[in-house]
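Enquirer: What follows is the residue order along each chain.
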Amino acid sequence: MRCEVQTGGTIELYFYGELPLAERAAVQSHLAGCAECRQALEDLSVIRAALARRPDVATPPGGDWSGFMRRLDATIAAEPRRDGPADAARQRTFIAPARPRLAPYLAIAATLAVITFGVLAVLRRPPDVKTTVRNVSETAPTAAAAPGPSVQPAVLTTSPDPGLIAVSGRHFERSKLVVLGLTTKTGRQDDWAYERELATDLLSDTRLYRLAAEERGMRSLADTMGDLELVLLQASMSDQPTEASLQQLQRLIRRRDLLAKMDAY
Amino acid sequence: MADSDLITRAAAGDPAAFQALVERHRSMVYRVAYQFAGNHFDAEDIAQEVFIKVYRSLDKFRQDAQLSSWMYRIVMNACIDHRRRMLPSGSAPFGEEAEHKMMNTAEERPGPEDHAYAGELGEVLEAEIRRLPPGQRIVFVMRHHQGLKLGEIAEALGLAEGTVKRQLHAAVHRLRDALNTANVTAGERA
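Those protein sequences? They're chains A and B, same order as listed.
The numbering of the first sequence is our numbering, which starts it at 1 and goes up by one.
The numbering of the second sequence is our numbering, which starts it at 1 and goes up by one.
Hints are computed from structural coordinates only; laboratory data are not their basis.
All residues carry an ideal CB built from backbone N, CA and C; glycine is no exception.
Treat the hints with care, since some could be wrong.
[As the list claims (entries may be wrong)] Derived EDC-like pairs: lysine to aspartate or glutamate, alpha-carbon spacing no greater than 20 Å straight-line:
no.	chain 1	residue 1	chain 2	residue 2
1	A	K185	A	E243
2	B	K53	B	D42
3	A	K185	A	E215
4	A	K176	A	E229
5	B	K53	A	E79
6	B	K149	A	E197
7	A	K176	B	E123
8	A	K176	B	D5
9	B	K53	B	D5
10	B	K60	A	E79
11	B	K149	A	E23
[Unchecked claim] Here are some, though not all, of the chain A residues that point toward chain B, as calculated from beta-carbon distances under 7 Å:
no.	residue
12	E18
13	D43
14	R54
15	A74
16	A78
17	L208
18	L230
[Claimed, not checked] Pair by pair, the computed Cβ-Cβ distance ranges are:
no.	chain 1	residue 1	chain 2	residue 2	range
19	B	N77	A	D257	41 to 47 Å
20	A	D263	B	D81	26 to 32 Å
21	A	A166	B	N77	32 to 38 Å
22	A	S29	B	G158	18 to 24 Å
Start from the sequences and build out the full structure, keeping to the hints where you can.
Expert: Here it is, written out as structure tokens:
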């Protein structure tokens, strides 16, 4: 028979310091004679300690809010106008409020510049992965995302975003568990269940990093993320994994030279 | 400037005030959203939804209310809305009974036994938290991660304190089961 202090949830209230003083004292004396409740408390402590060691994620990848703010700004701009007295004189968007109507044109111009420059860069370079990763012109986040009184063109610099490269490197390390796992499997059914499961977990972050890289014009990183996304997607979609589907994935990994590309980070 | 002043100014159409409000609270919102969703992609969607709802509701905020409670309620609703959108098309819940079922149905994701050998205990628990039914998950996140008292959670979510207590108990029960299933209980790890 289970202890009522535990089944009624009192032990959690004790653990979280939610009990009035008198009840707290009663639970304390109860604990001396109840191994079940002591075990429950110990489990709760283990849960708290283990979760406390997990990374505290309170920002988008790399701590970069610019994409988030830009997206929010665009949505708010499409909202019906507020009827406040200050409205007539103010813009609704809170990012780059000085010349908002120019922003779309600047963004188009910037995108065209990135595409042109990217094409030129590819035409002028041999397809060496490491060289490409470090040297292809990559752009900083759009200046329009930064709060401030004036609009700046979206693409002005050619330096890559070191924060995104760092988180991408760590993401590739995690993803190698899947890619390496897939390349070494022989195709027995269920043999790659772990890889498929991990692929599902990694897929949405991969997509997010690809979008972030595309947004910054970091083309080689975006391409590698895109290749990885394709592999993860196919792996996670394999509801009935067969030897043929595994071999198809292995061919895809080889054809895209995915491991070498990931190693470049 | 106080939050209530920012809200008043934002409601009157001042974009700088709304921006300041977003910048002040975005980390809290993102943290809860990430703990709920478990990945950046969904966390960003949820956080976006929260601030759009805040923007649309600026006029409705009562100056005598706690901003944090108001915000938490919006976060919780956004989390649940997000979960609802994730359901396969055609299975969206209609009516109170279906809604209750959705809130109390565990996610179909890999269980703790599948994650245990992947290593860290924290990962096992995080995976299990993501499998909790949304109602239990949001209460656990607010109590355990955000450190809110049960009374505060009840007020923020508009629930009876007894309901919050039951949801927390159920969440903790499942997490303890996950520990046992994964054979990584306190005794074995000591």
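Enquirer: Which numbered hints are broken by the structure, listed smallest first?
Expert: Numbers 3, 6, 8, 15, 16, 18, 20, 22, in rising order.
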